[in-house]
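Participant: Chain residues, written in single-letter form:
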Amino acid sequence: MNIIVPIKQIPNLTDELEINGDGTNLDHDALQYVLNEFDEHAIEEAVLTKESAGDAVRSAVTVVGVDTTGELDSALHTALAKGADKVAKITGDFPRGTDSHTQAKLIADAIKSMSPDIVMTGVQAADDRDGQMGPMIAAHLGLPYVGVVTSVAAKDGKAIVHKEYAGGVMAEFEVTLPMVVGVQAAHQPPRYAPVSKIRQIAKTAKVDEISGGDPVGSGSSVRKMFKPQSAGHAQMWDGDAADVAEKIITMIKEKGLLK
Amino acid sequence: MSNDIFVLAEHLNGKVSDISFEMIGKAKELAPKFGGKAIAILMGRGVKSLAESLGADSVLYVDDPALAQFNPEAYSRALAAVIKDRPPRVVMMGNTSMGMDVGAWVSASTGLPLIAYVNCLNVEGSTLVATSQIYGGKIQAEAIPNGETCIISCLAGAFPADAGKGSSSVEQIASPVSLNDLKVKFVKLIEPEKGDVDITQQPILVSVGRGIGGQENIELAQELAEALGCAVSASRPITDAGWLPKTRQVGKSGLTVKPKVYLALGISGAPEHLEGMRGAELIIAVNTDAKAPIFDVAHYGATCDMLDLLPALTEKVKG
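These protein sequences, in sequence, are chains A and B. Going by our numbering, the letters in the first sequence line up with residues 1 to 259, in that order. Going by our numbering, the letters in the second sequence line up with residues 1 to 319, in that order.
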């Protein structure tokens with residue numbers, strides 16, 4: 001089982017996001033970048049799939065990303081610590097916030113020759129303004145795609161995947177491999193890799209470098225970026241937990257739900 | 001190229017989903033500005049009656065055995081072929097579980113641009129202006145396609161649904177591309193497990209998010225729910241971590257709830273979560289981050305620590 005996991009780095013959303021001077025993009029240089037959390041799940045699901053494939057000797061998980069930050073190595077080292085076997089980065093003049101169409105095309109070109117059985121990537125990323133990478137990679141490689149997937153069971157050239165719809169309904173598909181999967185959540189939470197282990201790996205890890213071609217672009221142009229104006233805002237209560245508890249009880253009583 | 005707007009309608013279990021009507025209503029508003037029509041596209045097998053329930057200017061119904069159930073490969077190939085045969089000005093679809101599989105695939109395979117996560121769509125002069133809600137709902141990005149044609153994937157609830165309801169004339173066609181050699185085969189639908197409490201039927205929900213910190217603290221929420229005679233629900237990270245069953249998840253991929261009181265504790269309020277609870281009668285949010293988006297939909301809010309609040313509340317409820 002040859003599994004390839006395309007990943008993407010995105011701004012850390014817990015930071016304050018600032019908009020640049022001309023108001024058309026984030027002030028990317030001021031931001032910290034982290035691995036897209038759906039890609040964390042894709043890495044976990046890939047490692048679980050490899051472990052259950054039963055042919056561990058011939059199985060490998062390769063994690064690949066476009067280095068838009070100059071800091072992709074640390075994400076790749078973490079992936080190795082979590083059970084990936086090989087890592088590669090695509091380099092070139094690709095700034096932070098490079099669009100999904102470009103990243104998907106670069107990744108598709110880079111992995112074409114790796115003959116994957118399954119390509120597993122995060123179903124979406126918070127910066128997918130021009131759409132999600134998974135289906136685009138599938139289209140470029142001429143492979144089928146199923147996204148919003150929460151479990152993958154691969155055997156004998158086929159995969160059974162579960163796709164989530166709204167309201168907790170799921171659909172089961174049987175897919176002839178190779179295929180591309182958009183992972184919503186791994187079937188168990190992503191494992192933790194101790195910092196000491198990542199540091200150890202970083203000393204000896206080999207990150208393959210692939211030189212990327214020209215950006216294809218998103219096909220659309222942002223003319224204005226802004227923070228949403230909320231229609232309303234909660235009336236805020238001051239005070240400590242006991243004060244707030246008192247107010248909540250009063251509200252629940254007003255609704256007639258508590259005596 | 002025509003000046004028509006295509007809307008890919010979604011349906012599951014014999015029911016057209018709301019977002020289809022929302023998009024059709026929007027398409028009917030915008031298509032005349034291009035001098036075109038709003039054309040709904042419905043794919044299925046033997047479901048012409050569903051096609052007839054769409055309030056578009058006209059409906060193109062693609063009937064094929066391979067389309068009997070949603071199948072990302074079949075839908076994507078059929079839609080790409082329809083676009084090639086009858087090139088429209090704009091193609092709209094949902095930024096939903098179904099639409100996300102189709103939109104980006106069709107974009108990359110046809111070369112048409114895609115603007116995703118759209119919650120505001122207008123035409124200025126003859127230019128389409130689409131605003132995407134990105135970075136977890138923290139940023140709006142207003143964009144225009146570089147060419148004339150574009151695919152737009154829309155967020156659920158962005159436009160009113162009523163304008164898209166009604167009926168219209170239906171043109172039925174077979175799939176313009178052969179769907180006999182699909183790699184993806186639909187097996188079955190799996191309905192959610194029953195047996196656990198039904199969070200859609202609770203008068204009060206004690207709903208917890210990442211702020212709960214660890215699995216060991218779930219008990220604190222359960223104690224409060226027990227004292228109130230209601231149930232604990234959660235945002236996605238909590239059910240993904242396995243701290244609560246999937247049946248307790250509120251939001252886009254979970255359940256939509258409308259309790260009388262929704263206590264959102266340690267929930268930041270990602271757009272996917274808000275989609276499932278904004279209809280609650282009274283929303284009280286507690287989160288240490290005063291800028292959390294949950295406060296934009298909550299009626300009342302506080303920034304104290306939920307781990308202090310839970311036992312304090314339980315004690316007061318018990319009297």
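Simulated from the structure, these hints should not be mistaken for laboratory data. Glycine included, C-beta positions come from ideal geometry on N, C-alpha and C. Incorrect hints may have been included.
[Unchecked claim] Here are some chain B residues pointing at chain A (derived, C-beta under 10 Å): (1) M1; (2) S2; (3) N3; (4) Y61; (5) D64; (6) A68; (7) A81; (8) I83; (9) T131; (10) L282; (11) I284; (12) A285; (13) L310; (14) T314.
[As the list claims (entries may be wrong)] Derived list of chain A stretches under chain B, where covered just means 3 residues or more per stretch with a C-beta under 8 Å from a C-beta of chain B: (15) 197-209; (16) 245-256.
Participant: Please go over all the hints and tell whether each is borne out by the structure.
Facilitator: The hints, checked one at a time:
no.	hint	in the structure
1	M1	15 Å, violated
2	S2	20 Å, violated
3	N3	19 Å, violated
4	Y61	22 Å, violated
5	D64	17 Å, violated
6	A68	12 Å, violated
7	A81	14 Å, violated
8	I83	13 Å, violated
9	T131	9 Å, holds
10	L282	6 Å, holds
11	I284	6 Å, holds
12	A285	6 Å, holds
13	L310	9 Å, holds
14	T314	9 Å, holds
15	197-209	violated (count 0)
16	245-256	holds (count 8)
Checked against the numbered hints above, the structure violates hints 1, 2, 3, 4, 5, 6, 7, 8 and 15; every other hint is satisfied.
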